[in-house]
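Engineer: Sequence:
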Amino acid sequence: MTPLEALGADQQWRELAQSQGGRLGRVVQVDRGECEVMTDEGQIRVSSDSQRAQGDVAPVTGDWITVVPDLDDIPTVEQVLERRTLVVRRDPAEHARAQTLVANVDVVGVVHGLDRRINPAQLERFCVVAWQSGASVAIILAKADLRRRPERDAEKAAALAPGASVVVTAALRGEGLDQMTALLEGNRTLALLGPSGVGKSTLINALVGSEVQTTQEVRAGDARGRHTTIARRLIALPNGGSIVDTPGIRAVGPWDAWEGLAAAYAEIDALDQECRFAEDCWHQGQPGCAVAGNVDPGRLRRYLELANELADQDLDLARRRHE
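What the sequence shown shows, in our numbering, is residues 1 to 323, in sequence order.
It is possible that part of the hints are untrue.
Claimed, not checked - Using 20 Å as the maximum straight-line C-alpha spacing, the simulated SDA-like pairs for lysine to any residue come out as follows: (1) 156 <-> 302; (2) 156 <-> 122; (3) 156 <-> 145; (4) 156 <-> 166; (5) 156 <-> 121; (6) 156 <-> 266; (7) 156 <-> 297; (8) 156 <-> 115.
Calculated directly from the structure, the hints in this document are not laboratory data.
Here the structure is a predicted model, which is why all the values come from computation and not from measurement.
Based on the provided sequences and hints, a complete structural model is requested.
Structural biologist: In structure tokens:
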């Protein structure tokens with residue numbers, strides 16, 4: 001198995017690269033207009049022209065690309081191949097634009113550390129972003145050794161994330177690693193999302209079998225972690241498959257995520273189809289509403305808040321297009 005095959009290179013990617021007339025590679029990390037790229041021959045440093053770097057198809061971690069030599073024989077990104085999945089959030093610095101986090105992942109793992117209580121609103125927001133990507137979703141409960149009854153947390157997570165698999169891990173004890181490895185069967189790619197200090201880097205180190213990611217202790221007072229991961233990086237596992245570690249996300253804002261909203265709140269979306277008021281109902285208790293009264297009030301409130309947020313986002317973007 002070549003290094004590129006271990007990262008998920010299949011016949012479709014190879015044929016696509018061949019049709020573009022370039023050498024197939026996968027972006028491991030992006031750094032100031034340059035990319036670390038894995039090819040069949042090994043990892044190389046590749047430049048990305050400034051026009052592409054500033055455009056809508058700027059290479060991101062996880063992208064499959066074609067590489068060609070420029071006039072000075074320096075490897076250069078020729079083409080970003082069509083993405084199968086894409087993890088996107090609202091740019092925290094500029095709310096009127098999207099920020100692409102990672103491309104071409106098979107599973108998005110939303111990581112929560114059990115050294116703190118599950119925050120339903122936060123977990124559901126991450127799930128909206130995860131489902132919108134087009135990938136499968138897993139809820140990964142880390143640091144289970146710090147909880148007396150982690151199975152209760154697993155039950156709560158499953159209720160908050162219908163359709164997602166739930167994996168309970170204690171990386172320092174080696175617990176849950178088999179289930180994590182199963183997510184990567186077939187040389188799949190898993191992206192880890194979550195706040196700082198939830199245990200993403202520790203989990204990766206346990207799966208790789210060596211310290212490839214730096215870890216730090218969280219603050220005892222508020223269980224907040226420090227940003228030990230400063231860049232999104234694709235990390236190959238010894239037996240195939242790969243994981244993308246991402247910097248901690250304090251606040252996650254969905255972007256154009258109506259499909260992700262429907263998937264994250266699947267039971268509400270199903271009831272919504274039965275509501276007699278159809279699209280005109282905001283499920284606030286109107287007689288005949290199929291949703292209100294059949295869904296946990298707190299979960300329904302969070303759903304409506306996200307729906308309002310996405311609707312406001314659509315209106316804002318429409319206004320900007322007409323300015």
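Engineer: Each hint needs a verdict: does it hold in this structure or not?
Structural biologist: Checked hints:
1. 156 <-> 302: holds (16 Å)
2. 156 <-> 122: holds (13 Å)
3. 156 <-> 145: It holds: about 17 Å lies between the C-alpha atoms, which stays within 20 Å.
4. 156 <-> 166: holds (10 Å)
5. 156 <-> 121: holds (13 Å)
6. 156 <-> 266: holds (16 Å)
7. 156 <-> 297: holds (16 Å)
8. 156 <-> 115: holds (15 Å)
Checked against the numbered hints given earlier, the structure satisfies every one of them.
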